[in-house]
Amino acid sequence: MKYEGVTAASQGLCSCHVCGLLSRPAQNQGKAHCPRCSSRLHLRKHNCVGQCWALLIAAYILYLPANLLIMMETGSLISYRRDTIMSGVIYLWNSGSMGVASIVFVASILVPLFKLIALTYLLLTVQKKSRVKPGERTRLYRVVELVGRWSMLDIYVVTLLAALVQLHSMATVKAGPGAIFFGAVVVLTMFAAMRFDPRLIWDPFQNGETLAKCREEAGLPNLEQQQDAPAPQ
Amino acid sequence: MLSTPRPGTKMARPPRTYVACPECDLLLREIDLAPGKSAVCCRCGATLYHNTTDSLYRTLALVTATVILFTIANIYPIIGIENQGSGNVTNLYGAVDSLWDQEMHFISSLVFITTIVVPSLELAMLLYLLLPLKLGLVPPGLALILRFLQGIKPWGMVEVFMLGILVALVKLTDDFSIIPGVALWSFGGVTLMMSAIAVTFNPRDAWSHLECRTADGDQK
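Line by line, the protein sequences are chains A and B.
Mapping the first sequence onto numbering that gives the first Met the number 0, position 198 (from 1) lands on 197, and the numbers just tick up by one.
Mapping the second sequence onto numbering that gives the first Met the number 0, position 197 (from 1) lands on 196, and the numbers just tick up by one.
Since the hints were derived computationally from the structure, they do not count as laboratory data.
In this text the structure is predicted, and so the values were computed from the model without any measurement.
There could be a bad hint or two in this list.
[What the hints assert, rightly or not] Covered stretches of chain A, as calculated for chain B (at least 3 residues, CB under 8 Å):
1) 47-61
2) 127-138
3) 179-189
[Claimed, not checked] 25 Å max Cα-Cα, derived DMTMM-like pairs, lysine to aspartate or glutamate:
4) A:173 <-> B:96
5) A:44 <-> A:135
6) A:1 <-> B:96
7) A:173 <-> B:29
8) B:36 <-> A:82
[To be verified] Across the chosen pairs, the derived CB separations fall in these ranges:
9) B:52 <-> A:90: 45 to 55 Å
10) A:105 <-> B:173: 36 to 46 Å
11) A:142 <-> B:146: 48 to 58 Å
12) A:126 <-> B:92: 39 to 49 Å
13) B:33 <-> A:11: 17 to 27 Å
Every residue, glycine too, gets a C-beta built ideally from N, C-alpha and C.
Only chain A is shown next, with the shape it has when bound in the complex:
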């Protein structure tokens, strides 16, 4: 498969990230706007790499308390349990609901971890101007965007249980502090995935000048190549 091609950026064209209209941003006017929907036009999502890293690192930090702290406290007359996400999955598995245990394991442990690793990999390869398997990396990004929302599963389960199981003498369920951190991880990784611009994956297949322009817009200064770039006019 051939990866080189005429991109909109190489023709000085910008596609609006809101309505998709292709237009030529007006020169020398500073801020360009889409002629149809008036949103700001950017060659690539503005400063997206730095913002994506910030969100991702915050998510990495919160991922630890999300998994180590108590997610749910279950109390009844005869027993008292404090479950983290993992111990909740194990308990569910041992009590015979293997199917549901696997669903929860995938949604709350595998998916967040997969998202963190995948986005880190994508950001690193983009920064290194990697030309390795752009098609596969774009597909990876699509999967990250698609599965992210499903991590909210555990939050909803805890919400429903904590609201329903409030039989004072018999049994109570309380959400633990882990749920807060877990919710924050889901939200942060969703924002990070939205900020990432998949077009950066394909930019290394363009000519040097366009590549430099796109990377500058995305917040990736192109130090080695910038020096001998011809000045406009």
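Since chain A is already given, all that's left is putting chain B on it; use the hints.
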């Protein structure tokens, strides 16, 4: 699949029949699609646009049905539990409220926004857009609404909530007898309808009702 111009082409102005792939920025020639087909980028495989049959009418019908189901799903109890005489029922807002009372404000707001606020906003804005368009009028603020709709879309998570209900049910069956509520079935319906709306609604059609300020955006 769309085709791309030959490398080395220089264009003076953006021809109206071109689109750029949102995922790899390749310039592509627009083609007319047969009903029910979609256009795919020839380099990265991203879906660019669909030709949905009768998009306006179908979406409007689905949205109306979803509004009814969603109202039912929010008013009536989702599930009730019962064990040796004592029991409890909750509806969606009750669950949010109860979590708020347990000092879990962040989680409570997150659930409130993703399962109540965003889906209702989405439905309301779709109605606001589609009803006038069906009558041949362009509603004021079309661009703003479409933009907002696009922005909040990822945060509507009714289908994830539905799976959450099912997992909660399984966790509860050991200790309690369960009384399924009307809202449980309604949520199932809303989940299906919402995915149907996502397929039939075509933002590209809605955008095409807007005129550009200048013919091609060139302000030389």
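Results of checking the hints against the structure:
1. Remark: the region 47-61 of chain A is not confirmed as covered by chain B, as 0 of its residues place a Cβ nearer than 8 Å to a Cβ of that chain, below the required three.
2. Given a C-beta distance limit of less than 8 Å, the hint that chain B covers the region 127-138 of chain A holds, as 4 residues qualify and 3 suffice.
3. Coverage of the region 179-189 of chain A by chain B holds. Counting CB-CB distances below 8 Å, 5 residues qualify, and the rule asks for three or more.
4. This hinted pair checks out: residue 173 of chain A and residue 96 of chain B have alpha carbons roughly 14 Å apart, not beyond 25 Å.
5. Distance restraint check for residue 44 of chain A and residue 135 of chain A: the Cα-Cα separation of roughly 21 Å lies within the 25 Å cut-off, and the hinted pair is therefore satisfied.
6. Under the criterion of a C-alpha separation no larger than 25 Å, the hint pairing residue 1 of chain A with residue 96 of chain B is inconsistent with the structure, at around 56 Å.
7. With a CA separation close to 55 Å, the supplied pair residue 173 of chain A and residue 29 of chain B exceeds the 25 Å bound.
8. Restraint check for residue 36 of chain B and residue 82 of chain A: the C-alpha separation of about 48 Å exceeds 25 Å, so the hint is violated.
9. The hint said 45 to 55 Å for the Cβ distance between residue 52 of chain B and residue 90 of chain A, and at roughly 49 Å that hint holds.
10. Range check, residue 105 of chain A to residue 173 of chain B: about 22 Å between beta-carbon atoms, so the 36 to 46 Å window is missed.
11. Range check, residue 142 of chain A to residue 146 of chain B: about 26 Å between beta-carbon atoms, so the 48 to 58 Å window is missed.
12. Separation of residue 126 of chain A from residue 92 of chain B is about 45 Å and conforms to the stated range, judged on CB atoms against 39 to 49 Å.
13. Between residue 33 of chain B and residue 11 of chain A the Cβ separation comes to about 33 Å, which falls outside the hinted range of 17 to 27 Å.
Taken one by one, the earlier hints fail for this structure at numbers 1, 6, 7, 8, 10, 11, 13, listed in ascending order.
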